[in-house]
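S.K.: Put chain B on the given structure of chain A with help from the hints.
In order, the protein sequences belong to chains A and B.
With the numbering used here, the residue at position 114 of the first sequence is 114, and numbering never jumps.
Positions in the second sequence are counted from 1; adding 187 to them yields the numbering used here.
All the given hints hold, so there is nothing to weed out.
Reference excerpt, derived from the structure (chain B facing chain A, CB under 8 Å, subset only): (1) Phe195; (2) Leu200; (3) Ala203; (4) Leu206; (5) Trp222; (6) Leu226; (7) Gly227; (8) Ala230; (9) Phe233; (10) Gly310; (11) Thr362.
Don't read these hints as lab results, they were simulated from the structure.
Cβ atoms here follow ideal geometry from the backbone N, Cα and C, with glycine treated the same way.
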Amino acid sequence: MREKILTPASALFRRIIIYGILLFFLIVIQTSLPFIPMFRRAVPGLVLVAAAAIGFFDSEYAGAIAGMLAGAALDSLGGVSLSLMPLAGFAAGYFCGIAAGKKLPRELPAFSVCLAAVSGANLFVTLVCAYAANSELRPVRLIIHTLIPEFFYTLLFGIPVVLLGFLCTKLAGKTKRDRQASADTRF
Amino acid sequence: MRLLKNKFFIIALAVAIALAACTTVLSVMGVASPWRSILGAVALPFRWCAAKVAQGISGFSAYLTEFDRLREENAELRREVAELRQKLADAGRMAEENAAFREYLGLASLEVKLQLVDAVVIGRESGGYITIYTLNRGSLHGIEKGMAVISAYGVVGYVRETGISWCKVVPITETISSLGAYVEKSGISGLVVGDFELRDTGRCKMTYIESSEGFSSGDLVVTSGTGGIYPPGLPVGVIEEVVPDPLSRTYTATILPATDFDSLTRVMIITSYSLSEATETEQTGEESQP
Numbered sequence: 001m002r003e004k005i006l007t008p009a010s011a012l013f014r015r016i017i018i019y020g021i022l023l024f025f026l027i028v029i030q031t032s033l034p035f036i037p038m039f040r041r042a043v044p045g046l047v048l049v050a051a052a053a054i055g056f057f058d059s060e061y062a063g064a065i066a067g068m069l070a071g072a073a074l075d076s077l078g079g080v081s082l083s084l085m086p087l088a089g090f091a092a093g094y095f096c097g098i099a100a101g102k103k104l105p106r107e108l109p110a111f112s113v114c115l116a117a118v119s120g121a122n123l124f125v126t127l128v129c130a131y132a133a134n135s136e137l138r139p140v141r142l143i144i145h146t147l148i149p150e151f152f153y154t155l156l157f158g159i160p161v162v163l164l165g166f167l168c169t170k171l172a173g174k175t176k177r178d179r180q181a182s183a184d185t186r187f
Numbered sequence: 188m189r190l191l192k193n194k195f196f197i198i199a200l201a202v203a204i205a206l207a208a209c210t211t212v213l214s215v216m217g218v219a220s221p222w223r224s225i226l227g228a229v230a231l232p233f234r235w236c237a238a239k240v241a242q243g244i245s246g247f248s249a250y251l252t253e254f255d256r257l258r259e260e261n262a263e264l265r266r267e268v269a270e271l272r273q274k275l276a277d278a279g280r281m282a283e284e285n286a287a288f289r290e291y292l293g294l295a296s297l298e299v300k301l302q303l304v305d306a307v308v309i310g311r312e313s314g315g316y317i318t319i320y321t322l323n324r325g326s327l328h329g330i331e332k333g334m335a336v337i338s339a340y341g342v343v344g345y346v347r348e349t350g351i352s353w354c355k356v357v358p359i360t361e362t363i364s365s366l367g368a369y370v371e372k373s374g375i376s377g378l379v380v381g382d383f384e385l386r387d388t389g390r391c392k393m394t395y396i397e398s399s400e401g402f403s404s405g406d407l408v409v410t411s412g413t414g415g416i417y418p419p420g421l422p423v424g425v426i427e428e429v430v431p432d433p434l435s436r437t438y439t440a441t442i443l444p445a446t447d448f449d450s451l452t453r454v455m456i457i458t459s460y461s462l463s464e465a466t467e468t469e470q471t472g473e474e475s476q477p
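Bound-form chain A, shown alone (with noise of 0.2 Å):
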């Protein structure tokens, strides 16, 4: 059971390096973004969308780690007052993954649903967040500015994350043989 969870090194390490290249590069664009004036007000959760992609097209696992990781150097890069990014990246990468084989074909139309959900997650993470910082919000104002620009913003602009992270992982050489693997040892 263990041996079939277990890559090689070097296709680890080669994983490692791709999403984490990936992984970084969208972190940077997220938190630059906010300078073109269009964005200043809500911002596509590209990182989170791009943990999900990697937890759908490779493994729950690959998808967990990479969410947790991106959502802790995002948090970190940022300057949130509550850091919520960690689990939601985990939980984003994790159950798409999940969803993935199961629930949902592992393929490129597929992943709308989960896009679909990220986005939304993404929106609940906003509003928590908001909340912490300040708790004299007037929700209607919240959902008009913030959080309905958000949700489509994440849609649209995800696309093209979506599409990177299917490349991603065909070039971090995930085999059918893997998500066999993968797909066996859940639960």
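M.R.: Relative to the frame of chain A, chain B by itself:
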């Protein structure tokens, strides 16, 4: 329940909670852990490049969409420059008169001397609910938590956290920012704080104003120097409107900050300041008058 029997899930969840808790605690304490410092230092050049690209995109789109508005603004600014030139001429005459009266009465005037470090904005973390700027200066450059940050036009905010080569700045438009200020013309004092609704329009508010008389829209608000972060006399912004506070007997004024936060790219960090009696106008080394 099956999830709770999965060892990987339990361990990873515990690690994720620990990471989130550590990051939150360190952020609240304003302490940069070695992990945050190293990550910030590694990401610094990449973020600088990404910020430049984003600013380029922003500038290009503004060129396409805001040409007419900029042309009108240019005409308005030309008119304002003509008025200010006239006021400058009057101010010069008044300064001479002022100096003569001071000499006659034997009064000394106070001068603020600032030690400044220039910095570039390389990050602008905005979660839609809070905006924090990241600057390319940190503890290596003598930057410490609680230092004031200014632009060429006025107050920007204060340093909330420092790393080796970066620091994070809270602007005055944020709800977690507050500073003592007064209306320059009348001396009426109040507290300038951020407001969630006003920050969307790049504005903040001045609270605890005891009277609505003695100032009008367009009056300049400057820092009072109370609190120890900001030196006195720095421009904060101008008053736009004053309304009675429904919860108290005081008034609240909407302030348009002197600094344009939308186009903020270069700032100065005040590493120290001193108040001294002015004898003659002098500027040496890094010291300069705001």
